[in-house]
Amino acid sequence: MASSRPVLTTPVLLLMAVATGLCVGGNYFNQPLLDSIAEALDTSRSAAASTVTVAQVAYALGLLFLVPLGDMFPQRRLAVMLMLAAAAGQGLSGFAPNIGVLVVGTAVAGLFSVAAQVLVPFAATLATPESRGRAVGTVMSGLLVGILVARSVAGILAELGDSWTTVYRVSAVAMVIVALALWRVLPATPPVVRQGYGSTLRSLGTLIVTHPRLRTRTLLGGLGFASVGALFSTMAFLLSDPPFGLDDLQIGLVGLAGVAGAFAATAAGRLVDRGYGPPTTAVGVFTLIASWAALAAGASSLVWFVVGMLVVDLALNLVHITNQNIVYALDPDARSRVNSVYMTGYFIGAASGSALGTMAWSAGGWTAVCVLGVGLAALAGVVWALDLRLTARMRARSATATGGPAAA
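Counting in the UniProt record's numbering, the sequence shown runs from 1 upward without gaps.
No lab work stands behind these hints, which were simulated from the structure alone. Even for Gly, the Cβ is constructed at its ideal location relative to N, Cα and C. Mixed in with the good hints there might be a few duds.
[What the hints assert, rightly or not] Pairwise CB distance ranges, derived in the manner of DEER restraints: (1) Gly100 to Pro129: 20 to 28 Å; (2) Ala392 to Pro332: 42 to 50 Å; (3) Ser44 to Gly161: 42 to 50 Å; (4) Val209 to Pro279: 23 to 31 Å; (5) Gly100 to Thr10: 29 to 37 Å; (6) Arg274 to Ser398: 16 to 24 Å.
All chains should be built: construct the whole structure from the sequences, respecting the hints.
Structure (structure tokens):
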């Protein structure tokens, strides 16, 4: 009955958005601070940059092995416990005396920050069907803004606290406070399934086999984020070197350019609610490819780099939100597991893009990074075309099965 449905009020939705931003944003604190980390811990740039990949790989592992628990356990309890564990990882990073401890803290924070990906399908469950796209888009806007603001906050706090560690210590405290607030305001809901952990993990494979669009949309999202990941893992090197020579604070402020693009997540969710998902994806894919032209020009122009940052984030968000709304609709009783499959692929793409971006920078500087980025974006376009063909075949098959007019 409608009266028994928990009500997802705007304040609760916004708190969930803040929580997701804190959780995932913490995995990006290191990106504008890589030079400072390398210097302070007496290590190489490549070793410092490895923490970017570690954060993404740990997050992907959490998506695969922890997020499916959202269908087995009460989501409020799971989200709060994971968030508190992530806060512990941030605290460890904030007191790291060497690169080894920082890597461990980064891994712990990344693994448990998947609390955010328990909250996103939780929002979809709590929302009414006609507002589900808006709910998912709003929570994802918080997550995406958190990622972008995290870079700027990291740079600002590094300057104010005279240390790259400051942002990690502040984040740990903030995450504990927000986790306790979530415990107070989120409704308690029963688990969706009653089965063992092994059965739950095995069901991920069943979902992948059963739903072809889960495969195509996961690959599309992963390639798109790989393209952007190549940018995120190398931008600090470009901006700290001549002709720019920016410090941590300035690099962080440049990252704010993408905030406008992050707010597109809510707009994309509303478009999906109104039935405009396919054209929204199309705009996102083509814009992602085109954005690398501006980023290439950014090698010698800070204005073009900022434009590229804004556009690339806008494009990725349009693709990502439409992807999520499509896969959540595939099996409403398995949203956490579907989200686990999709987001695992998404962040494997990010980790791969980060690693490949660092390799490209070492091999050929910013030009090689741009070639890599546009190539990955083009591959995303190929997968999008395959998804369109798959959708057309499925519709034709459905029409034939129901006795309706077959597609021409």
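Could one say that the CB atoms of Gly100 and Thr10 fall in the range 29 to 37 Å? 44 Å, violated
Do the Cβ positions of Val209 and Pro279 conform to the proposed distance bound of 23 to 31 Å? 29 Å, holds
Given a hint of 16 to 24 Å, does the C-beta separation of Arg274 and Ser398 actually sit inside it? 22 Å, holds
Consistency of beta-carbon spacing, Pro332 to Ala392, with hint 42 to 50 Å: Taking Cβ atoms as reference, Ala392 and Pro332 lie about 24 Å apart, which means the hint is violated.
In this structure, is the beta-carbon distance linking Ser44 and Gly161 contained in 42 to 50 Å? Roughly 24 Å apart at Cβ, these two residues miss the hinted range, so it is violated.
Range hint 20 to 28 Å (beta carbons of Gly100 and Pro129) holds or violated: 49 Å, violated
Figure legend: structure checked against the earlier numbered hints; hints not met, in rising order: 1, 2, 3, 5.
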